[in-house]
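J.: What follows is each chain in one-letter form.
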Amino acid sequence: MPAVSMTVNGKPVTGDVEARTLLVQFLRESLRLTGTHVGCDTSQCGACVVHVDGIAAKSCTLLALQCEGAKVTTIEGLAEPGGALHPMQEAFREHHGLQCGYCTPGMIMAALDIVRRRGNELDEHTIREQLDGNICRCTGYHNIVKAIAAGAKNMGKGGSSHQAAE
Amino acid sequence: MSATSSATGIGASVRRKEDFRFITGKGQYTDDVVRPGETRAVFVRSPYAHAKIKSIDVTAAKKMPGVVDVLTGAQLATDKIGNLICGWMIHSKDGSPMKMSAHPALAASKVNCVGDAVAVVIALLVYEHAILRPTDLSRLGVAFFNLNGYVSVIFFVATLADVLLR
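Chain order of the listed sequences is F and A. Position 104 (the first sequence) corresponds to 104 in the numbering used here; numbering is contiguous. Each position in the second sequence, counted from 1, maps to that position plus 166 in the numbering used here.
The reader is advised that the hints may include incorrect statements.
With the Cβ distance kept under 10 Å, some of the chain A side facing chain F (calculated, not the full set) [what the hints assert, rightly or not]:
hint : residue
1    : Arg-181
2    : Glu-184
3    : Phe-188
4    : Gly-191
5    : Gly-193
6    : Val-199
These are calculated hints, taken from the structure and not from any lab test. C-beta atoms are modelled at their ideal positions from N, C-alpha and C, and glycine is treated no differently.
Full structure from sequences and hints, please.
T.: What follows is the structure, encoded as structure tokens:
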């Protein structure tokens, strides 16, 4: 089985994977980082969104081997080492942006990418459009949109020592 | 941390307890849990919409490393495990139970779908097109109204027969 090496949440990792192993399987099964979820078979739901080299990617549609040498950030890598939450995570909690929580890691990672591309002042229409790749069955998206708008704003205020996941 | 959660008393917003693990990727959804000695099930599904099952050969699969067992619909029948129940049984006016076709949890003899009536409809549409020419639209009425009438009645009869006879 081929070996793969990458940096995940700041730590170098290696593993033996099959050529067909998806990144999401590598993260969940080999690294036991189960915060990244599998919600569909069709690359539609976005529960698997992680950051690869700073850009949001659906880990269900990437092979682990494709990420050789890459810097991967998952939901587990967002909070400060001391435990303080990232402003975007805090915003989801504050604004009731989740119910069952299954889509939430993907929503948060996608939200950070929206901020990276569109800045900190996000209007509702932009957020709704940019969340096209994320599906939520519980909330009706209303509070997710509110949370993302608030989280983006708070990131801009420099309330936390990191603006976006590296 | 946000300062807006300090209000208490009647009408104050209460933060959910479960959110913390969901927004940090530490939720324990079913697929996240791994127990020592656990087995996992994989379902093999029919690639055909409507087909008779002639045989299922599980010998090679059973020999694969790590496979505990391979089960088929035949074993459901042997173990006298009944069909999937109907969530809402209705009775005829004379009190007799509704007629239901078999819905085993694993298909044993036949893979089903509704499809038979469609073939008849297509044949008539070909005739419909055949009786018209760009220079001779005199039979337009026949093509569009009469024949569509025949098609819809046949379709209705076929659907009714399917409902009554299944």
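J.: Which of the listed hints are broken here?
T.: Violated hints: none; all satisfied.
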